[in-house]
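Protein chains in written order, with the numbering used here: chain A, 1 to 363; chain B, 364 to 647.
Do not rely on the hints blindly, as some may be mistaken.
[Said to hold, decoys possible] Some, not all, of what chain A presents toward chain B, calculated at C-beta under 8 Å:
#, residue
1, L56
2, V59
3, L105
4, V118
5, I121
6, H122
7, E123
8, L270
[Stated by the list, open to error] Negatives, chain A to chain B, calculated, CB over 12 Å:
#, residue
9, P4
10, G27
11, A31
12, E43
13, E66
14, G80
15, T103
16, Q148
17, G207
18, E222
19, W283
20, R299
21, V301
22, A312
23, E336
Just so you know, these hints were derived from the structure itself, not from any lab.
Backbone N, C-alpha and C fix where the C-beta goes; we use that ideal spot for every residue, glycine too.
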Amino acid sequence: MTEPLLKVENLHTFFYSENGVARAVDGVSFAVGAGETVGIVGESGCGKSVTALSILRLVRPPGRIEQGSRLLFDGTDLLGLSEEQMRKIRGNRIAMVFQEPMTALNPVFTVGEQIAEVSRIHEGKSRKDAWARAVEMLTLVGIPSPEQRAKEYPHQLSGGMRQRIVIAMALVMNPALVIADEPTTALDVTIQAQILELLSEMQRRAGMSILMITHDLGVVAETCTRVIVMYGGEIVEESSVGDVFKAAHHPYTEGLLGAMPRVGGGQERLTTIPGTVPPPTAWPVGCRFHDRCPYAWDRCVNDHPPLYQIGAGHVSRCHLAEEPEYRNRPHPPLVEQVMGVGGVAQGGAPGERENVKDRSELT
Amino acid sequence: MTAEVWRRLWRQRRARVALGLLATIALAALLAPVIAPYDPIAQHDIIGLKSQAPSWSHPFGTDQYSRDVLSRLMYGARISLSVAVLAVFLSGTLALAWGAVAGYFGGRLDAVMMRIIDGLISIPRVLLLLGILGVWSEVTLPVLILLLGGTGWFGVSRMVRAEVLSVSRRDHVAAVRALGAGDWRILTGHVLPNALAPVLVAVALGVGSLIALEGGLSYLGVGVRPPHASWGNIIQDGSMNVTGLWWMSLFPGLAIAVTVLACNVVGEALRDAVDPRHLPGAHD
Numbered sequence: 001m002t003e004p005l006l007k008v009e010n011l012h013t014f015f016y017s018e019n020g021v022a023r024a025v026d027g028v029s030f031a032v033g034a035g036e037t038v039g040i041v042g043e044s045g046c047g048k049s050v051t052a053l054s055i056l057r058l059v060r061p062p063g064r065i066e067q068g069s070r071l072l073f074d075g076t077d078l079l080g081l082s083e084e085q086m087r088k089i090r091g092n093r094i095a096m097v098f099q100e101p102m103t104a105l106n107p108v109f110t111v112g113e114q115i116a117e118v119s120r121i122h123e124g125k126s127r128k129d130a131w132a133r134a135v136e137m138l139t140l141v142g143i144p145s146p147e148q149r150a151k152e153y154p155h156q157l158s159g160g161m162r163q164r165i166v167i168a169m170a171l172v173m174n175p176a177l178v179i180a181d182e183p184t185t186a187l188d189v190t191i192q193a194q195i196l197e198l199l200s201e202m203q204r205r206a207g208m209s210i211l212m213i214t215h216d217l218g219v220v221a222e223t224c225t226r227v228i229v230m231y232g233g234e235i236v237e238e239s240s241v242g243d244v245f246k247a248a249h250h251p252y253t254e255g256l257l258g259a260m261p262r263v264g265g266g267q268e269r270l271t272t273i274p275g276t277v278p279p280p281t282a283w284p285v286g287c288r289f290h291d292r293c294p295y296a297w298d299r300c301v302n303d304h305p306p307l308y309q310i311g312a313g314h315v316s317r318c319h320l321a322e323e324p325e326y327r328n329r330p331h332p333p334l335v336e337q338v339m340g341v342g343g344v345a346q347g348g349a350p351g352e353r354e355n356v357k358d359r360s361e362l363t
Numbered sequence: 364m365t366a367e368v369w370r371r372l373w374r375q376r377r378a379r380v381a382l383g384l385l386a387t388i389a390l391a392a393l394l395a396p397v398i399a400p401y402d403p404i405a406q407h408d409i410i411g412l413k414s415q416a417p418s419w420s421h422p423f424g425t426d427q428y429s430r431d432v433l434s435r436l437m438y439g440a441r442i443s444l445s446v447a448v449l450a451v452f453l454s455g456t457l458a459l460a461w462g463a464v465a466g467y468f469g470g471r472l473d474a475v476m477m478r479i480i481d482g483l484i485s486i487p488r489v490l491l492l493l494g495i496l497g498v499w500s501e502v503t504l505p506v507l508i509l510l511l512g513g514t515g516w517f518g519v520s521r522m523v524r525a526e527v528l529s530v531s532r533r534d535h536v537a538a539v540r541a542l543g544a545g546d547w548r549i550l551t552g553h554v555l556p557n558a559l560a561p562v563l564v565a566v567a568l569g570v571g572s573l574i575a576l577e578g579g580l581s582y583l584g585v586g587v588r589p590p591h592a593s594w595g596n597i598i599q600d601g602s603m604n605v606t607g608l609w610w611m612s613l614f615p616g617l618a619i620a621v622t623v624l625a626c627n628v629v630g631e632a633l634r635d636a637v638d639p640r641h642l643p644g645a646h647d
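With the sequences and hints as input, model every part of the structure.
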């Protein structure tokens, strides 16, 4: 394989607050090849958005990308660039599509002016040329009567249209990499499909790479070739899309899949992952997911798992890779036992739960 | 974008009326040498024509030195309006620059800049001005403008700072940064236009309140000094005998009131014009 377009190595992004150091992104490494679509999945607070912002070096104080992190884009380390050089990359070589089309557009400018601004920033185009380019972009992202629409303000457009505008802004300069941060989360389901279709079509035309940040595995299934699952500021599983859906290894990934509605799946209720992501100022010492995991045993409490190789291009940060027998002994996760929810009654035979101790003993 | 704002402003009837009033007053001031019926300083007949009530030949009457009040009002408008506009322009600029820098860059710089404002704002403005102007006998008009403008921006700069602070954390600002815009472009092109609405309102209201302030100071004899006539001066001339020479206080007083009111109306209409979401017909 040739050198990937983007190579994130050992990325650490910490936030310094009075409550301590929040290790929002804590040693993340992955690569995105040219023309590839990679998904980063995880629930709120797992570090996926901060990862995206870190790549563009848009993390603002008190956040900081730590020494030793490397962001190789097209062979150069973005962390070695000056702010001036970095500005020439943003919006030009790497562009970002934001989550909320309602707020990602400036309310006091027409959408045409906002798209035009990108080429004025990067190419120093005249107002007129930039405007022509903006109208061209509107046509490209499938907005009817583009000349008319270009003169309208964001509040005059629907959510789906606005997201098309945001995408148009990101694509003006034909970037090599587009980071899409939850591009469909704020939209209706029917519009979501259209926007994803638009992104794929743009990708087919321009051959760019997409880093798709989402909490929706459905979006991943539709658009991505490879998936990175993040939890607690780390990558917990990485594999091809097919493997994730057929042979997910990490219990967190399993949990995400179980929480996903399926047509004809015969499930009466969707399962949920109990508890919430622990605060990034105090990640658990061992596996960061152990208190919510239905398989966790004592090893998981103190021994931080490395990324185990599961198969070709498939890694998982779970000790089950070494001790698969524990998968046959599910039990209510620690958070539920502590909270007293769904405790003994649902847990199965006592023998299966003996490996889980009371939290006070563990910590 | 400015043309668009202007169009939206003009679409509002109250704005048209208020702007019309202001334009009339400004025009009268500007054209005073041409259209004023009399020389504002000439004492035509200090015995026969002094303290005349309004009449056809002197619509606003004459003062105790037989000078025509209407003509003096028109010339006074030149001073009062230009002092107010220039002083507000000065304080608006200072407020915008100070508040924008503090709000946008934040951190320690912001803390220091805002503590300075806290200190300055704790000095009562009128007392400060009275103190300086009372002691300083040689106050020329430019100095007066500097003093009025230089003391009027503390509160507004705080408002600018608050607005800039909130706007610069909005998604669309993050979005243009992600598209490669630099600090200067972000601040002037994206943050300030969104933070401008309250400043414009403050500026328009500021013109009004400055006209009133200048009137007050001139009335007390420490503002615009004779031989310059300002609205406040004329009121003062008539203040010795308000019940007898009511026209000398009423007409300049009305001029001040109407101008202040019109400024306030324009300020509000402007706020709606800058922020399209305030306008009726904006749908979401």
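Comparing the hints with the structure gives:
1. L56: Cβ of L56/A sits 6 Å from chain B, so the hint holds.
2. V59: Nearest chain B Cβ about 11 Å off; hint violated.
3. L105: 5 Å, holds
4. V118: 5 Å, holds
5. I121: I121/A check passes; min Cβ-Cβ to chain B is 5 Å, inside 8 Å.
6. H122: 6 Å, holds
7. E123: Because about 11 Å separates E123/A from the closest Cβ in chain B, which is outside the 8 Å limit, the hint is violated.
8. L270: The hint is violated - L270/A has no Cβ within 8 Å of chain B, the shortest such distance being about 30 Å.
9. P4: Consistent with the label, P4/A stays out of reach of chain B, its closest Cβ about 22 Å off (over 12 Å).
10. G27: Consistent with the label, G27/A stays out of reach of chain B, its closest Cβ about 24 Å off (over 12 Å).
11. A31: Holds, because the least Cβ-Cβ distance between A31/A and chain B comes to about 21 Å, which exceeds 12 Å.
12. E43: E43/A is indeed farther than 12 Å from all Cβ atoms of chain B, at 21 Å.
13. E66: The claim stands: E66/A keeps its Cβ more than 12 Å from every Cβ of chain B (closest is about 20 Å).
14. G80: Non-interface label on G80/A holds, nearest chain B Cβ at 18 Å vs cutoff 12 Å.
15. T103: Answer for T103/A: violated, closest chain B Cβ roughly 4 Å.
16. Q148: 15 Å, holds
17. G207: Holds, because the least Cβ-Cβ distance between G207/A and chain B comes to about 20 Å, which exceeds 12 Å.
18. E222: The claim stands: E222/A keeps its Cβ more than 12 Å from every Cβ of chain B (closest is about 24 Å).
19. W283: With a cut-off of 12 Å, W283/A remains clear of chain B, as the shortest Cβ separation is near 27 Å.
20. R299: 42 Å, holds
21. V301: 39 Å, holds
22. A312: Correct as stated: the minimum Cβ-Cβ distance to chain B is 35 Å, above 12 Å.
23. E336: 36 Å, holds
The earlier numbered hints that this structure contradicts are 2, 7, 8 and 15.
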